[in-house]
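S.K.: The lines below spell out each chain.
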Amino acid sequence: MKFILIDKVLSIEPGREIKATKSVSLAEEYLGDHFPAFPVLPGVLLLQGLIESASWLVRETEHFAHSMILLEQARNVKYKSFGAPGSQIEYTVKAKTIEENVSSFAAAGVIDEQEILTAKIGLRHFNLSEKDSAMATIDAKIIESLKERWKLLKS
Amino acid sequence: MGMSRDEIFEKVQEVLTDALGVDDDEVTEEATLMGDLGAESIDFLDIVFRLEKAFDIKIAREDLFPAESIMNNDELVHDGKFTEKGLQELRDKMPHTDISDFEKDPDINKLGDLFTVKAIINYLEGKLQAA
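Sequence order for the protein chains is A and B. Mapping of the first sequence onto the numbering used here: residues 1 to 155, in sequence order. Mapping of the second sequence onto the numbering used here: residues 156 to 286, in sequence order.
It is worth saying that the hints were derived from the structure and are not from the lab. Worth double-checking, as some hints may not be accurate.
Here are the simulated DSBU-like pairs of lysine-lysine, each with C-alpha atoms no more than 35 Å apart in a straight line [to be verified]:
(1) K94(A) <-> K282(B)
(2) K78(A) <-> K248(B)
(3) K240(B) <-> K2(A)
(4) K120(A) <-> K240(B)
(5) K2(A) <-> K265(B)
(6) K236(B) <-> K19(A)
(7) K80(A) <-> K166(B)
(8) K265(B) <-> K94(A)
(9) K80(A) <-> K208(B)
(10) K80(A) <-> K240(B)
(11) K8(A) <-> K213(B)
(12) K273(B) <-> K78(A)
(13) K78(A) <-> K265(B)
(14) K265(B) <-> K8(A)
(15) K151(A) <-> K8(A)
(16) K2(A) <-> K273(B)
(17) K248(B) <-> K19(A)
(18) K80(A) <-> K273(B)
(19) K208(B) <-> K78(A)
(20) K151(A) <-> K166(B)
Some, not all, of what chain B presents toward chain A, calculated at C-beta under 7 Å [as the list claims (entries may be wrong)]:
(21) M189
(22) G193
(23) E195
(24) S224
(25) M226
(26) N227
(27) P261
(28) Q284
Note that the Cβ used here is the ideal one computed from N, Cα and C, for glycine as well.
Construct the complete structure from the given sequences, taking the supplied hints into account.
M.R.: What follows is the structure, encoded as structure tokens:
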């Protein structure tokens, strides 16, 4: 399974806000079990869409300074409705703070203006070379491929 | 077991704060698991497991959250809405839950609203009294 839970970035204001979309497709493997007669995007993957959006906002804001951006905290997560095949989820993530190694956001996903979920997200950003200088080339490779991915998302 | 409703509530509160990473004061009787406390599919499994441990009883997941077997049956849920047969199934499987509001618009997308903290407490009260 490819772990890419957003399809396209609609807009971005570095340091402030990002909007991205994900279209739910009947072809996504996990829908087969979730649920057989009522396929809907699993809640954790809805949340992942928000996390990915927030991560791209950090990367663009800090000019891809770090290879690793990980979820540190998800609070006040509320699932209000489901995302079914054929629907398009629009994620809006607003930065509260973006510092060198941590950031926090208020985020929401909507389908046709109906709120599907809201959450507060905290991220942590770092390079592998901070712990082990031999990892610097790996950091560079990761950052290169992230930059390639960004070209696809932003186009 | 002789537990008062308050005692049951406190234990349920603890289970939900542990399982969902929310604060105590968010876990009120009226709170819905999904809409207010952020529970989703994986969490339901976790919650049932923790309740079993906390109350030393066996709980079939379908007893508390009967959705899965119902959702997969076209006679019970048709075109995204519960049929009369489906609503009766809900009443039978969830006697601890008041579905009268849900019946007004039995949209499957709103099923989550039925899973409240109160419903869990009602279920446990009944189960513990019978024990």
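S.K.: So, for every hint listed, does it hold in this structure?
M.R.: How the hints compare with the structure:
no. : hint                : result
1   : K94(A) <-> K282(B)  : violated (45 Å)
2   : K78(A) <-> K248(B)  : holds (26 Å)
3   : K240(B) <-> K2(A)   : violated (40 Å)
4   : K120(A) <-> K240(B) : violated (40 Å)
5   : K2(A) <-> K265(B)   : holds (30 Å)
6   : K236(B) <-> K19(A)  : holds (32 Å)
7   : K80(A) <-> K166(B)  : holds (26 Å)
8   : K265(B) <-> K94(A)  : holds (27 Å)
9   : K80(A) <-> K208(B)  : holds (29 Å)
10  : K80(A) <-> K240(B)  : holds (26 Å)
11  : K8(A) <-> K213(B)   : violated (46 Å)
12  : K273(B) <-> K78(A)  : holds (18 Å)
13  : K78(A) <-> K265(B)  : holds (14 Å)
14  : K265(B) <-> K8(A)   : holds (28 Å)
15  : K151(A) <-> K8(A)   : holds (10 Å)
16  : K2(A) <-> K273(B)   : violated (39 Å)
17  : K248(B) <-> K19(A)  : violated (42 Å)
18  : K80(A) <-> K273(B)  : holds (18 Å)
19  : K208(B) <-> K78(A)  : holds (26 Å)
20  : K151(A) <-> K166(B) : violated (50 Å)
21  : M189                : holds (4 Å)
22  : G193                : holds (3 Å)
23  : E195                : holds (3 Å)
24  : S224                : violated (10 Å)
25  : M226                : holds (4 Å)
26  : N227                : holds (4 Å)
27  : P261                : violated (14 Å)
28  : Q284                : violated (32 Å)
In this structure, the hints that do not hold are numbers 1, 3, 4, 11, 16, 17, 20, 24, 27 and 28, in rising order.
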